[in-house]
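Novice: Take a look at the letters that make up each chain.
There are 2 protein chains.
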Amino acid sequence: MGSTERIAQVAKRVAKWARAGHHMVVVPSAMSGETNRLLALAKELSPPQHTDALARELDALAATGEQASSALLAIALQAEGLPSVSYAGWQVPIRTNSAYTKARIESIDDAKVRADLAAGKVVIVTGFQGVDEAGNITTLGRGGSDTSAVAVAAAMKAAECLIYTDVDGVYTTDPRVVPQARRLHTVSFEEMLEMASMGSKVLQIRSVEFAGKYKVPLRVLSSFTPWDIDIHEEAKSGTLITFEEDEQMEQAVVSGIAFNRDEAKISILSVPDKPGIAYHILGAVADANIEVDVIIQNISKDGKTDFSFTVHRNDYNRAIALLKEKVLPALGTDHIEGSTQICKVSIVGIGMRSHVGIAAKMFGALSQEGINIQMISTSEIKTSVVLDEKYMELAVRALHKAFDLDQSAAI
Amino acid sequence: MGSTERIAQVAKRVAKWARAGHHMVVVPSAMSGETNRLLALAKELSPPQHTDALARELDALAATGEQASSALLAIALQAEGLPSVSYAGWQVPIRTNSAYTKARIESIDDAKVRADLAAGKVVIVTGFQGVDEAGNITTLGRGGSDTSAVAVAAAMKAAECLIYTDVDGVYTTDPRVVPQARRLHTVSFEEMLEMASMGSKVLQIRSVEFAGKYKVPLRVLSSFTPWDIDIHEEAKSGTLITFEEDEQMEQAVVSGIAFNRDEAKISILSVPDKPGIAYHILGAVADANIEVDVIIQNISKDGKTDFSFTVHRNDYNRAIALLKEKVLPALGTDHIEGSTQICKVSIVGIGMRSHVGIAAKMFGALSQEGINIQMISTSEIKTSVVLDEKYMELAVRALHKAFDLDQSAAI
Numbered sequence: 088m089g090s091t092e093r094i095a096q097v098a099k100r101v102a103k104w105a106r107a108g109h110h111m112v113v114v115p116s117a118m119s120g121e122t123n124r125l126l127a128l129a130k131e132l133s134p135p136q137h138t139d140a141l142a143r144e145l146d147a148l149a150a151t152g153e154q155a156s157s158a159l160l161a162i163a164l165q166a167e168g169l170p171s172v173s174y175a176g177w178q179v180p181i182r183t184n185s186a187y188t189k190a191r192i193e194s195i196d197d198a199k200v201r202a203d204l205a206a207g208k209v210v211i212v213t214g215f216q217g218v219d220e221a222g223n224i225t226t227l228g229r230g231g232s233d234t235s236a237v238a239v240a241a242a243m244k245a246a247e248c249l250i251y252t253d254v255d256g257v258y259t260t261d262p263r264v265v266p267q268a269r270r271l272h273t274v275s276f277e278e279m280l281e282m283a284s285m286g287s288k289v290l291q292i293r294s295v296e297f298a299g300k301y302k303v304p305l306r307v308l309s310s311f312t313p314w315d316i317d318i319h320e321e322a323k324s325g326t327l328i329t330f331e332e333d334e335q336m337e338q339a340v341v342s343g344i345a346f347n348r349d350e351a352k353i354s355i356l357s358v359p360d361k362p363g364i365a366y367h368i369l370g371a372v373a374d375a376n377i378e379v380d381v382i383i384q385n386i387s388k389d390g391k392t393d394f395s396f397t398v399h400r401n402d403y404n405r406a407i408a409l410l411k412e413k414v415l416p417a418l419g420t421d422h423i424e425g426s427t428q429i430c431k432v433s434i435v436g437i438g439m440r441s442h443v444g445i446a447a448k449m450f451g452a453l454s455q456e457g458i459n460i461q462m463i464s465t466s467e468i469k470t471s472v473v474l475d476e477k478y479m480e481l482a483v484r485a486l487h488k489a490f491d492l493d494q495s496a497a498i
Numbered sequence: 088m089g090s091t092e093r094i095a096q097v098a099k100r101v102a103k104w105a106r107a108g109h110h111m112v113v114v115p116s117a118m119s120g121e122t123n124r125l126l127a128l129a130k131e132l133s134p135p136q137h138t139d140a141l142a143r144e145l146d147a148l149a150a151t152g153e154q155a156s157s158a159l160l161a162i163a164l165q166a167e168g169l170p171s172v173s174y175a176g177w178q179v180p181i182r183t184n185s186a187y188t189k190a191r192i193e194s195i196d197d198a199k200v201r202a203d204l205a206a207g208k209v210v211i212v213t214g215f216q217g218v219d220e221a222g223n224i225t226t227l228g229r230g231g232s233d234t235s236a237v238a239v240a241a242a243m244k245a246a247e248c249l250i251y252t253d254v255d256g257v258y259t260t261d262p263r264v265v266p267q268a269r270r271l272h273t274v275s276f277e278e279m280l281e282m283a284s285m286g287s288k289v290l291q292i293r294s295v296e297f298a299g300k301y302k303v304p305l306r307v308l309s310s311f312t313p314w315d316i317d318i319h320e321e322a323k324s325g326t327l328i329t330f331e332e333d334e335q336m337e338q339a340v341v342s343g344i345a346f347n348r349d350e351a352k353i354s355i356l357s358v359p360d361k362p363g364i365a366y367h368i369l370g371a372v373a374d375a376n377i378e379v380d381v382i383i384q385n386i387s388k389d390g391k392t393d394f395s396f397t398v399h400r401n402d403y404n405r406a407i408a409l410l411k412e413k414v415l416p417a418l419g420t421d422h423i424e425g426s427t428q429i430c431k432v433s434i435v436g437i438g439m440r441s442h443v444g445i446a447a448k449m450f451g452a453l454s455q456e457g458i459n460i461q462m463i464s465t466s467e468i469k470t471s472v473v474l475d476e477k478y479m480e481l482a483v484r485a486l487h488k489a490f491d492l493d494q495s496a497a498i
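First to last, the sequence lines map onto chains A and B.
With our numbering applied, the first sequence closes on residue 498, and no number is skipped along the way.
With our numbering applied, the second sequence closes on residue 498, and no number is skipped along the way.
Because the hints were derived from the structure by calculation, they are not lab data.
All the given hints hold, so there is nothing to weed out.
Just so you know, same-sequence chains aren't split out, so a pair can sit in one copy or run between any two.
Lysine-lysine pairs mimicking BS3-like chemistry, simulated, CA-CA at most 27 Å apart: (1) K189 with K244; (2) K208 with K130; (3) K189 with K208; (4) K130 with K103; (5) K199 with K189; (6) K130 with K99; (7) K189 with K130; (8) K199 with K244; (9) K302 with K208; (10) K302 with K323.
Pulled out of the complex, with its shape left as it was, chain A reads as follows (with noise of 0.2 Å):
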């Protein structure tokens, strides 16, 4: 929400929603910037060392900026006529652990909030904070309001939870590259967490989670879509995604494509193949805090395997760096390389799991661009490829087409 003209504009989305029956928890976000501008503060006034103590002052701090976007709707559902009623998580109350700055909820009280709405109030519940067991503010972390959408809609049991956002839905891949991009109108849900992870920034992973774990039907639609376009056309806009296998049984074998070249490649060869290698390996790269993707390890020759692995591009350095000094006299090679210029674009689906030469087909489609494939890495939903990045764009736009996934393919 980004300003009193668009909290109205908000409002008379969510009227029209109450004056067409609909019992409705809304669970806003902060106004745009407000969040950085008070963590901005924060910093100017930080102590050099972070810890839980300053944690819990920026958490005070930064719900702040929800409390005050929900007691604003909250005004200006009633300037609509409607009944309404804002609680901060703690009044709700929010039970979360006390992970300061990236707390998770764990209980939610549903009392106050299903009394509310059985007297006709729309009941506004401030997104992305909670409060622990001793009473101290938590909050979710980035992207927390997602979340604590999700978890309401979970705890009322809701029909649906509606995620507005800025983009219009999941689409099959980014519409940037491929402007064929398909807006999905419904995804399952283990393709949105693969989706998700490989770039398609729509909803928080977290919430997508939750979703899952308590099967909330979660819809992602455009927070730009006019608030007066009508009801019904508005309730099937967007993407749904869904939690029961049958309701994907029409579904496509593959749904998207997903991408990024945020990854760097590093290789270590000649590698002893023997037990405990691997945590070795990975142990020490874990404990300098640096998160790896893919994982892959090949059959050993001669007792020798080859270990490669993916790494943000920001940790390329350390990691290589930090292997040539603490891993590699101990597995007797000297043998690393590794690589910043590559991508990983990955096909996902949840019908691959049930049909047969689905990774052959992707690649199939890459050979006949003339693409060399570096590593390869699937799952059940997803087949994911790393190739020199140059060609990317390229690649995404060969296997959008020859998975039908284009515009003009049925649907």
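Position chain B relative to chain A; hints supplied.
Specialist: Frame of chain A; chain B shown alone:
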């Protein structure tokens, strides 16, 4: 607190006191302009009618300003190397009644605060706000941070409550009118009440009443004093508001001259002098939410009396119209007159209780300047006169001199 720079300075000042061995609870106000900013946003969105539901949301909104500044101060203290923790009103909790936007404090639980002080922390309690029995956020109204500070000091049985404000103490009168005005080292609670309500707007009057009720020694001092001033000097700066009779033994008979020109006078003449007349007149005025200050009714002649009172200038026309329409007909008189061209000047002093001739001296001093007195009203520690407003400054200066309050006089 105006900016992060100001907050950092407050932190340095608090750190100075803490390092000198004081256990401290700090009650910050919002950053300057923040409360107005938030309420302006609300105003843009508000419904035309002011309801309790709206007031509830306005409080939830306004309370965020102090919550943010409290967290920021806690962070700045940690940067100074001092352990610190901030509590919103509901976390302490500070219990209030449910009168949104003007709630009254009912109780304060000191357990958490005491435990933290014992653990060596500086405790920051968010001012201006509390929580009602049902768990709704309430605010105390403008200037409520002062009241919060006094209430917390009372609950903690603090040795002294220091209120840092934009003036450096209580003066014998307004230095803009009388350049010789002196800062009072001490002033009695009752005098402060009379001064505050008369225009020496140093402290919110409710905070002074609260301090009186719980006998909290209250020191008003300047927030513009450099933070690194010698601590013993700072401890003696400003004005101490006292509550013990014997502390005022040395006090001058008259402590200060208060004045304002916000009022208008209204007289109803030839009113039948019978029971219920004052109620008949003032009841109607009160019903219209018009506040009355001075009320004078002299003895009657021939069964008729004159009834005079003052109201705020803004209410003058409304009061006259109301009286003409609803009150005068039943009184059998149409003789009403009034003026907005008046001022009220008062001498205030707890010593007046035990000294005779003070009022006479006042009237003499005014007479010497040729100033005619229109109305006189007295209380135990105050004598007020209503004068033509053009004489205000002249009267204040004459009285300041007559009662030996000028800077050159002995303290």
